[in-house]
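In the order they appear, the protein sequences are chains V and U.
Under the working numbering, the first residue of the first sequence carries the number 1, and numbering increases by one thereafter.
Under the working numbering, the first residue of the second sequence carries the number 1, and numbering increases by one thereafter.
Check each hint, because a few of them may be wrong.
Here are the computed lysine-lysine pairs in the DSS-like style, where the Cα-Cα straight-line distance is at most 25 Å [unchecked claim]:
| hint | chain 1 | residue 1 | chain 2 | residue 2 |
| --- | --- | --- | --- | --- |
| 1 | V | 24 | U | 202 |
| 2 | U | 260 | U | 229 |
| 3 | U | 267 | U | 279 |
| 4 | U | 74 | U | 199 |
| 5 | U | 229 | V | 24 |
| 6 | U | 202 | U | 179 |
Footprint (simulated), chain V over chain U, 3 or more residues, beta carbon under 8 Å [said to hold, decoys possible]:
| hint | segment |
| --- | --- |
| 7 | 70–79 |
| 8 | 102–108 |
| 9 | 142–156 |
| 10 | 235–246 |
Since the hints were derived computationally from the structure, they do not count as laboratory data.
Please read these numbers as outputs of a predicted model, since none were measured by experiment.
Glycine included, C-beta positions come from ideal geometry on N, C-alpha and C.
Okay, here's what each chain looks like letter by letter:
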Amino acid sequence: MLSRRIYQFFIIYFLGITVLFLIKYVLNLSDYVIPSPLEIWQTGRHVFIRYLVNVIDTLSIAVLGHLLSICLATIVGIVGRLTIWVGSFIRVAAYNIQAYPIVAVAPIIFILLGDGLSSRLLITAMICYFPLLLSFIGIFSEPVTEIEHFYEATMRMNWRLQVKIRAFENIGKITTVIVGSGTLAIVGTIVSEFIAANAGIGHSIRMALYQSDLAKILVALFLIGICTSLYLVCLERLGLVVQKRLQST
Amino acid sequence: MKKRFHARGLILIAVAFLLILGACGQKEQPAEEVTYRLKWLYNISVVGDLWAEDHGNFARNGLKVAVKAGGPEKDAIKELEIGHAQFGVASADQVIRAVAKGSPIVVLAQLFQVNPLHWIYRPDRTPLRTPQDLRGKTIGITYGGNDETIMRALLAKYDIKEEEVKLFSVRYDYTPFYKGEVDLWPLYRNAQAPIIGDKLLKAGERFDLMSPERLGIKFVANSVVTTQKMLEERPETVKRFMKALLQAWREALNPENKDKAIATVLKYNQETPEEIVRKQLPATRVLMLPKPDSEFGKIDVAAWKQTEEIMLAQKLIDAPVHIEERLKPMVDR
Chain V
1 MLSRRIYQFF
11 IIYFLGITVL
21 FLIKYVLNLS
31 DYVIPSPLEI
41 WQTGRHVFIR
51 YLVNVIDTLS
61 IAVLGHLLSI
71 CLATIVGIVG
81 RLTIWVGSFI
91 RVAAYNIQAY
101 PIVAVAPIIF
111 ILLGDGLSSR
121 LLITAMICYF
131 PLLLSFIGIF
141 SEPVTEIEHF
151 YEATMRMNWR
161 LQVKIRAFEN
171 IGKITTVIVG
181 SGTLAIVGTI
191 VSEFIAANAG
201 IGHSIRMALY
211 QSDLAKILVA
221 LFLIGICTSL
231 YLVCLERLGL
241 VVQKRLQST
Chain U
1 MKKRFHARGL
11 ILIAVAFLLI
21 LGACGQKEQP
31 AEEVTYRLKW
41 LYNISVVGDL
51 WAEDHGNFAR
61 NGLKVAVKAG
71 GPEKDAIKEL
81 EIGHAQFGVA
91 SADQVIRAVA
101 KGSPIVVLAQ
111 LFQVNPLHWI
121 YRPDRTPLRT
131 PQDLRGKTIG
141 ITYGGNDETI
151 MRALLAKYDI
161 KEEEVKLFSV
171 RYDYTPFYKG
181 EVDLWPLYRN
191 AQAPIIGDKL
201 LKAGERFDLM
211 SPERLGIKFV
221 ANSVVTTQKM
231 LEERPETVKR
241 FMKALLQAWR
251 EALNPENKDK
261 AIATVLKYNQ
271 ETPEEIVRKQ
281 LPATRVLMLP
291 KPDSEFGKID
301 VAAWKQTEEI
311 MLAQKLIDAP
321 VHIEERLKPM
331 VDR
């Protein structure tokens, strides 16, 4: 699984780089517009360690933000499954808030919370939270009639049992959504760093952009791709372990 | 006698008819289309560019120019090379970086004679009598930006070590400066200082601006650029473009045209209040025409060389680029 993900990333990355080089040499563009392979290599050697540390920093925030958003989505999803007005209100509010682009909300967050860890964490959580929430609300609101009917008929149904049944029956979907939102968590962290933070790979990309240094950006993208692949593989493995355990019980 | 007069009249009419016919026969040359990519969004710093488009300077010189707004993600030099634009505005550090990487660009005119980048501070709280007073201060810089390069050059010139000041990473939010967490905050003297200064004055606080140029750091800002190829293959177009542009800038900065210049900016930028634009215009004029005998668009070769030296000293470029060879002034009155 790991090697497949990694080589898939390598294929995509090097295809992209090849297209860039083709454009560069066909249009006879200078290294300022598209860097030469040698420049990318030299830049890579020069910034590799620093950027790797930055990517790990970003990844740690992404993991924390992802966990936070899973917890939030679970709580709100459980409340949102209710048919009473609270559930309906939460569903409508979730859809409405999702409509706001994060780049418009992010500056407000940075003004209120500063450009430290809390802002990065919150923006990350916000970006990957909504797809999770929408799926969780859908899953927790959909009754599993054939099983729930038994507990309702025997008057043993309570909200915990209901959530457990629905989660168990949809564990495949939940795993897929969590893995999918892992990419969003990393994207969210990078976006937040790019907008205003003082650390992480998003901040480094912004600095490289100020200096029109595409070579640095390409090195950053390479490291982001590798780390994202690793994180997604970890999530997939974790999902498989959880599914297997649940099935065995 | 009468017959001769009649014949003369007929000849005159015939000549006039032929002249009119000749004039009608001449096809009107269609305006040549070019694209001009600005450095930043439409604001006071591009008043001359907007004036040229709005008051027909380009059209009078046989050009149809698409004046496109710039922005943080736009790079005029890259667009020139790819061919999406024929003229553009770029800062000196962008030009020097591009030349260092083999970009075939040339500089036609220097818009700002004084770099608009200054640092705002409160003289009551942060008295700055000499550059040595910077020691121990918290100074805002944009990491990776021009202001970082300029501030580092300033600190190096006055032998102030980085450990002796506290560098603070700034973004668009001025709260740390308002709250007094940062002593000096970088801003553009013509565009932002009237807005921020106004807020400080309303809060009952005095402000002053630290000019790196006055402290001996000449770091060139925006200039008009094109490609070497454009200059060689379409010299007439370049000449007409520059004539129109410089003429427009002179007209826009002329105090007699103040109201028209403000109206032009407001037409393209409805976000900035008129009273602010009224303060921004004279501030812009001072940076572009600092002395009574200043020539608009003049390229300050010494300042360009110093900019290159600063970038070399800070290892922003690997080797000298001899930037003076890329300066092709097209300024004529």
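Now the hints, each set against the structure:
1. V/24 x U/202: Roughly 53 Å separates the two Cα atoms, so the pair is violated.
2. U/260 x U/229: Given that 25 Å is the threshold and the Cα spacing comes to 36 Å, the pair is violated.
3. U/267 x U/279: 17 Å, holds
4. U/74 x U/199: With Cα atoms ~30 Å apart, residue 74 of chain U and residue 199 of chain U exceed 25 Å; violated.
5. U/229 x V/24: 17 Å, holds
6. U/202 x U/179: 15 Å, holds
7. 70–79: holds (count 5)
8. 102–108: Contact hint for the segment 102–108 of chain U vs chain V: holds, 3 residues under 8 Å.
9. 142–156: holds (count 4)
10. 235–246: Answer violated; 0 residues pass the 8 Å Cβ test.
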